[in-house]
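A.B. asks: We have chain A; now place chain B onto it with these hints.
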Amino acid sequence: MKEKEILDAIKKIVTPYTQRKEGLENFSQKTDFIKDLEVNSANLVDVILDVEDEFNIEIDNESMEGMLTVGDAKNIIERKLASA
Amino acid sequence: MKKRVVITGMGVVAPNGVGLANFEDAIRKSASGIRFEEELERLNFSCQIAGKPQLSEEKIAEYFTSLQLRGLNSSGIVYGVIAGTDAWQDAGLKIGDNEQPDWDCGIVFGTGILGVDKFREAIHLIDAGKTRRLGSTSVMQTMASGISAYLGGILGCGNQVTTNSSACTTGTEALLMGFERIAAGKAKRMLVGSCSDHGPYVWGGFDAMRILPSKYNKNPTEASRPMSASAAGLVPGSGAGALVLEEYESAKERGAKIYAEVLGGAVNSGGQRGGGSMTAANSEAVIRCIKEAIHFSNISSEEIDVINGHLTATTKDALEIENWKKALKRSDFPYINSLKGMTGHCLAASGSIECVASVLQMDKNFIFGNVNCEDLKPEIANLVSEEKIPRKTLEIPTNILAKSSFGFGDVNSVVIFKKI
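So the sequence lines, in the order shown, correspond to chains A and B.
Residue numbering for the first sequence follows UniProt numbering, starting at 1 and increasing by one per position.
Residue numbering for the second sequence follows UniProt numbering, starting at 1 and increasing by one per position.
Hints in this document: simulated from the structure, not taken from any laboratory.
Even glycine gets a Cβ: it sits at the ideal position worked out from N, Cα and C.
Among the hints, erroneous ones may be present.
Claimed, not checked - Computed list of lysine-lysine pairs in DSS-like fashion (alpha-carbon distance at most 25 Å, straight line):
| hint | chain 1 | residue 1 | chain 2 | residue 2 |
| --- | --- | --- | --- | --- |
| 1 | B | Lys-130 | A | Lys-80 |
| 2 | A | Lys-21 | B | Lys-94 |
| 3 | B | Lys-291 | B | Lys-326 |
| 4 | B | Lys-94 | B | Lys-3 |
| 5 | B | Lys-29 | B | Lys-364 |
| 6 | B | Lys-418 | B | Lys-325 |
Stated by the list, open to error - Partner residues aside, some chain B positions facing chain A, computed with beta carbon under 7 Å:
| hint | residue |
| --- | --- |
| 7 | Ser-66 |
| 8 | Leu-67 |
| 9 | Gly-135 |
| 10 | Ser-136 |
Pulled out of the complex, with its shape left as it was, chain A reads as follows (with noise of 0.2 Å):
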């Protein structure tokens, strides 16, 4: 899968979550899920959830809690896919 099609499916399952919409405007690999588009940590988990029915892959607890930027995302996601 290509890097940019994995950022666009982030994009669109995180979009529902944020409430800093301007946050979505320079959406980069370097957005802060919390600090640039202010989602509620305690939507962090249906963000994973979302993520894992998306792809079709697990997210465990410590991978769950590297995944602070958009990045760190892309990069579990690929990790997981390229393992699967």
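C.D. replies: For chain B alone, kept in the frame of chain A given last:
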């Protein structure tokens, strides 16, 4: 000094009407909200009818953000948020434009059990070993205080925000808790009310107790028969009612519409002694509760024009009237009515929905008729003259109304409203 407390806003989500105007229209016309429920038939319930508010997806979407709607599966929260938000707006108060919490505004919004459908979802996932799939919404939709928490966030309340629970007295008790907080000078405004989930997982236990009517599945609107000789048990319902209570001075200052004053009230318990039990009321406690409510409201029993009873359409209706008769000690009897003929028994939501109905009739100068009571129970006819139990809506003004609610656990509450 004790502050005066008035009602400045109301909202309602009832089986026979959603929103104040629709609900008023329904209760004036004796419109029933009791319908046949296919789901209950499929699940082999004896009683396959119930009272469930009719809400479209579009209507629900007006009250929740798209994020809140994701995975929302708690009917009590839906009903409570709609009724509470409507009451707030009816009081002329703004929603969501305060950056800071409003420290003078609080919430007491009760429920019996919340989010049973959401809880069922969670149980299935947990039993399948998929606890991690619950997501973030399971806790807030199933905690009892989920309803006050949702409303607290929507309205930005900074005073006490809590949920009470006392079976079928819940809504009336919530009103009195909010009343006391304002009277004591601890808050200026309290949104009070209650909600009750719908569905087989809420109603099943009542069906199993065999206290629901089983012979009206083909004619649901005739099933709930408070005070009738042919009363066959309570019809389960659901929904929510909400009222904004406000310090009188604050209401005057901002020129708010005042529906009525809350003069006072009382709550107590029969201790499951002296004829009282988990499911039956100790009459002495009921009588005391009525007398205390009258005493704390500084009125005499003669001043009560109308009683809105608990009157669930079980065999206990006559005893309830007898208790009123003993407590009031007057030669005549006030007008008395029960909403449950039209809505069924909305359980934890019943007290608040019926408080809204009570105050609406005071505000609009009518007394709604008792439905399915053509054959008045002889024991009741012996206590009260028939004209005091209207079968059709009367256009009569009310000055003082007493509202009672009683609940499992032998708990009672009575509140007194006055027109000003």
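A.B. asks: It remains to establish, for every hint, whether it holds in the given structure.
C.D. replies: Here is what the structure says about each hint:
no. : hint                    : verdict
1   : B:Lys-130 <-> A:Lys-80  : holds, 19 Å
2   : A:Lys-21 <-> B:Lys-94   : holds, 24 Å
3   : B:Lys-291 <-> B:Lys-326 : holds, 10 Å
4   : B:Lys-94 <-> B:Lys-3    : holds, 24 Å
5   : B:Lys-29 <-> B:Lys-364  : holds, 14 Å
6   : B:Lys-418 <-> B:Lys-325 : holds, 21 Å
7   : Ser-66                  : holds, 6 Å
8   : Leu-67                  : holds, 6 Å
9   : Gly-135                 : holds, 5 Å
10  : Ser-136                 : holds, 4 Å
The earlier numbered hints are all upheld by this structure, with none contradicted.
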